[in-house]
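Single-letter residue listing:
There are 2 protein chains.
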Amino acid sequence: MPSDEEQTKYILPEDQMPTHWYNIAADLPTPAPPVIHPGTGQPIGPPDLAPLFPMALIMQEVSQDREIEIPEAVREVYKQWRPCPLFRARRLEKALGTPAKIYYKYEGTSPVGSHKPNTAVAQAYYNKIEGTKVITTETGAGQWGSSMAMACAFFDIACRVFMVRISFDQKPYRKGLMQAFGAEIYASPSEETNFGRQVLGETPDTPGSLGMAISEAVEQAATDPDTKYCLGSVLNHVMTHQSIIGLECIEQMKMAGDYPDIVIGCAGGGSNFAGIAFPFIGKMLRGEGDVRVIAVEPAACPSMTRGTYAFDFGDTGMMTPLTKMHTLGSSFIPPPLHAGGLRYHGMSPMVSHLLELGCIEATSIPQVDTFELAQQFTRAEGILPAPETAHAVAIAMTEAMECARTGEEKTILFNLSGHGHFDVQAYIDFNGGKLSNYEYPGELIEAAQRKLPPVDA
Amino acid sequence: MPSDEEQTKYILPEDQMPTHWYNIAADLPTPAPPVIHPGTGQPIGPPDLAPLFPMALIMQEVSQDREIEIPEAVREVYKQWRPCPLFRARRLEKALGTPAKIYYKYEGTSPVGSHKPNTAVAQAYYNKIEGTKVITTETGAGQWGSSMAMACAFFDIACRVFMVRISFDQKPYRKGLMQAFGAEIYASPSEETNFGRQVLGETPDTPGSLGMAISEAVEQAATDPDTKYCLGSVLNHVMTHQSIIGLECIEQMKMAGDYPDIVIGCAGGGSNFAGIAFPFIGKMLRGEGDVRVIAVEPAACPSMTRGTYAFDFGDTGMMTPLTKMHTLGSSFIPPPLHAGGLRYHGMSPMVSHLLELGCIEATSIPQVDTFELAQQFTRAEGILPAPETAHAVAIAMTEAMECARTGEEKTILFNLSGHGHFDVQAYIDFNGGKLSNYEYPGELIEAAQRKLPPVDA
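Heads up: the protein sequence lines correspond to chains A and B, in order. Under this note's numbering, think of the first position of the first sequence as 5, with each following residue one higher. Under this note's numbering, think of the first position of the second sequence as 5, with each following residue one higher.
Because the hints were derived from the structure by calculation, they are not lab data. Be aware that one or more of the hints could be misleading.
Given that identical chains are not distinguished, each listed pair holds provided it fits within a single copy or across any two copies.
[As the list claims (entries may be wrong)] The calculated lysine to aspartate or glutamate pairs, modelled on EDC-like cross-linking and capped at a C-alpha distance of 20 Å, are: (1) Lys-105 to Glu-10; (2) Lys-258 to Asp-19; (3) Lys-132 to Glu-76; (4) Lys-83 to Glu-97.
Whenever a hint applies, use it, and build me the whole structure from the sequences.
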């Protein structure tokens with residue numbers, strides 16, 4: 005029998021799965037800035053959001069409670085793939101010759117291969133009990149859309165997904181998965197909405213963008229009382245739902261008899277990063293253990309490392325409220341990176357606030373370097389990371405290699421938020437020498453920043 | 005805390021993972037027929053196989069030992085994804101309104117998404133310790149090739165995969181995954197072998213077949229002492245390695261306080277079926293509990309239900325020894341089913357022997373019916389089964405629906421051998437009304453059977 009020291013993975017028993025999510029708002033030294041109505045310039049309240057979201061989610065969005073109970077029906081579904089394993093990357097450590105201990109939480113065991121169902125299932129549940137008949141949402145590469153489609157199938161809600169046109173055309177598999185769950189999928193911009201028709205009228209050949217797809221999904225929810233909207237990242241309640249990742253990690257690190265010096269996640273809208281990091285940051289804020297926390301973004305879409313901390317729209321159509329966040333400007337269209345989930349102009353306001361507070365660091369890495377390290381990871385550990393996840397893998401490996409240089413025996417934990425089985429084209433392009441690092445799109449970002457709404461709250 | 009009765013999945017602790025594989029040869033009432041040399045018509049011995057396989061695997065092939073120890077280095081790698089979860093399909097049971105209890109073993113949590121690494125890792129290990137520098141193998145859809153590529157990456161062996169040309173052209177993602185692991189991949193038939201060049205000379209536009217790819221891989225191994233050949237199914241040692249699936253299930257059913265009345269697996273070459281079924285059949289043969297065991301094959305490639313039990317070649321090039329098995333004839337080319345892993349003219353000789361002994365049943369199901377039920381499964385349980393696996397899912401659901409009719413509370417266990425994330429096209433075609441059930445290819449099978457080698461041993 006292998007000794008404890010040789011253990012490869014740490015799995016919580018099903019009956020030790022967390023029963024409550026963690027809401028970091030309760031532990032903040034200063035609260036995050038309010039959400040602003042773009043018309044009035046004034047903070048918005050829960051009723052303003054009622055056309056889009058069920059009240060239970062709105063109350064979670066503004067909650068100051070540290071713990072929010074996970075409904076039993078949601079926990080029952082979570083048990084399909086949760087608790088997720090925590091791995092010790094022993095073969096990778098050996099390959100890197102590092103004295104560092106590398107752990108990764110693996111969220112790819114969910115039926116759709118990523119962490120996204122953690123919030124999709126919760127959002128579908130609250131919509132169901134408040135009588136929602138149809139859920140609209142957007143998706144880029146499709147991780148979020150397929151999660152929402154699955155959650156809607158479980159709770160018997162119709163699901164309508166606006167999928168960025170270029171992904172709709174280029175990623176038939178994610179589309180096919182959503183259809184297998186029974187969802188309706190529209191290439192965005194579409195003929196289904198006023199905003200979509202307007203964009204198509206002006207630019208019939210547009211490849212679409214996440215910002216446009218959000219505008220279409222929001223428009224449909226805002227104009228039909230039986231229809232609500234779901235968002236897969238950015239918002240506080242999404243971050244809270246994803247906290248189950250880090251809460252499990254805390255228990256699993258206890259099983260391993262260890263505690264991380266560094267916690268790493270990739271960040272597009274911020275949800276998988278928040279999921280693994282917020283519970284550890286919360287402990288730090290409560291004086292229960294210091295930890296260095298690193299959010300990783302692509303060098304070509306660097307909202308945290310090169311953007312402005314300002315009020316901005318979440319979508320291209322400027323239909324959403326304004327939130328203070330690190331943003332490249334809502335009119336910025338990121339380069340066609342393979343990491344579609346990281347191609348977002350903004351960042352979760354809560355993640356942004358923590359960056360301003362100095363609780364976390366942000367770093368960026370170019371695309372080619374990312375895949376070079378991610379592929380090395382794959383050859384050691386077997387798992388092929390999703391292109392987004394590859395950014396976290398790469399920085400974790402970089403930190404471990406630094407330990408090899410200095411001799412420090414740091415404990416590194418990162419979130420392996422999803423597998424790349426739907427995204428192999430990225431690795432094909434990498435191995436075919438067809439990947440570009442993209443130049444830093446400085447001028448485009450400057451132009452988009454000049455269009456930021458003039459709000460100072 | 006949920007009660008035991010509400011548990012969704014059963015996970016063995018890592019330190020309770022089986023330490024030995026199970027070899028069913030030890031429990032057979034009569035031994036399986038010998039393997040025959042096609043030239044001499046006489047049984048072959050271990051030395052005849054030495055050009056192709058390391059001696060440790062050859063000795064496993066002919067072993068009569070009930071238990072074969074899993075080397076520690078193999079167990080260390082297994083821990084990357086093993087023990088795999090056993091699920092109770094509560095939402096599916098509810099959707100079907102059945103009093104049956106449905107359990108499924110999920111092998112899709114392995115890094116490549118299927119059960120195939122269970123034997124790939126073992127084969128790579130034994131090759132490594134006997135000094136093999138290059139491993140050749142064949143792959144159809146790519147489940148096996150990607151597993152072998154991963155195993156070779158772990159044990160630092162060069163891997164050369166002959167991939168059926170039509171899959172090479174149509175399934176770039178599996179190819180991309182193999183390349184990410186560092187394997188060389190050739191479309192088969194290729195210019196790399198005499199057999200490949202011969203076929204290309206005669207039929208330059210051939211789509212290839214698994215039988216041809218086997219011939220190419222075998223030819224390279226037979227002609228280079230540093231190169232060995234690995235096969236992903238059919239052979240006894242492969243069935244033995246896969247027994248870890250069923251061995252884990254036996255322990256997990258104990259955790260659930262239950263025991264299966266019916267065990268179900270899909271069968272192409274037979275390895276995932278053997279994996280889940282052989283340990284239960286062994287218990288039955290030893291008088292430790294009766295169980296009905298069902299092997300499921302596609303109606304359009306029905307080796308067990310419509311083939312002959314006869315000596316036949318394993319490959320198209322007629323380079324392999326002859327084994328007695330249920331076969332459609334090695335010259336039969338199956339219709340282009342989506343379940344590429346079930347498109348094989350023969351069947352594992354050991355599975356065939358058990359069918360002759362009456363220890364198992366075989367049944368078949370047409371393609372469209374398969375996907376109809378598999379998609380219903382997906383909407384209830386979230387997991388999208390691989391097209392091969394879908395055959396087992398469909399028959400398990402059929403049995404459960406029969407229980408709904410009769411009121412019987414049977415316990416049904418099936419092997420969910422792999423996820424379908426690389427095979428979504430099958431579901432797209434199903435939902436697009438483009439799937440055919442294919443007519444039973446009776447005339448083609450009759451023609452192939454007339455070409456069976458005239459051996460009677």
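Against the structure, the hints:
no.: 1; hint: Lys-105 to Glu-10; verdict: within (12 Å within a copy, 37 Å between copies)
no.: 2; hint: Lys-258 to Asp-19; verdict: both (16 Å within a copy, 18 Å between copies)
no.: 3; hint: Lys-132 to Glu-76; verdict: within (14 Å within a copy, 49 Å between copies)
no.: 4; hint: Lys-83 to Glu-97; verdict: between (31 Å within a copy, 16 Å between copies)
Violation of the numbered hints given earlier is absent; every hint is satisfied by the structure.
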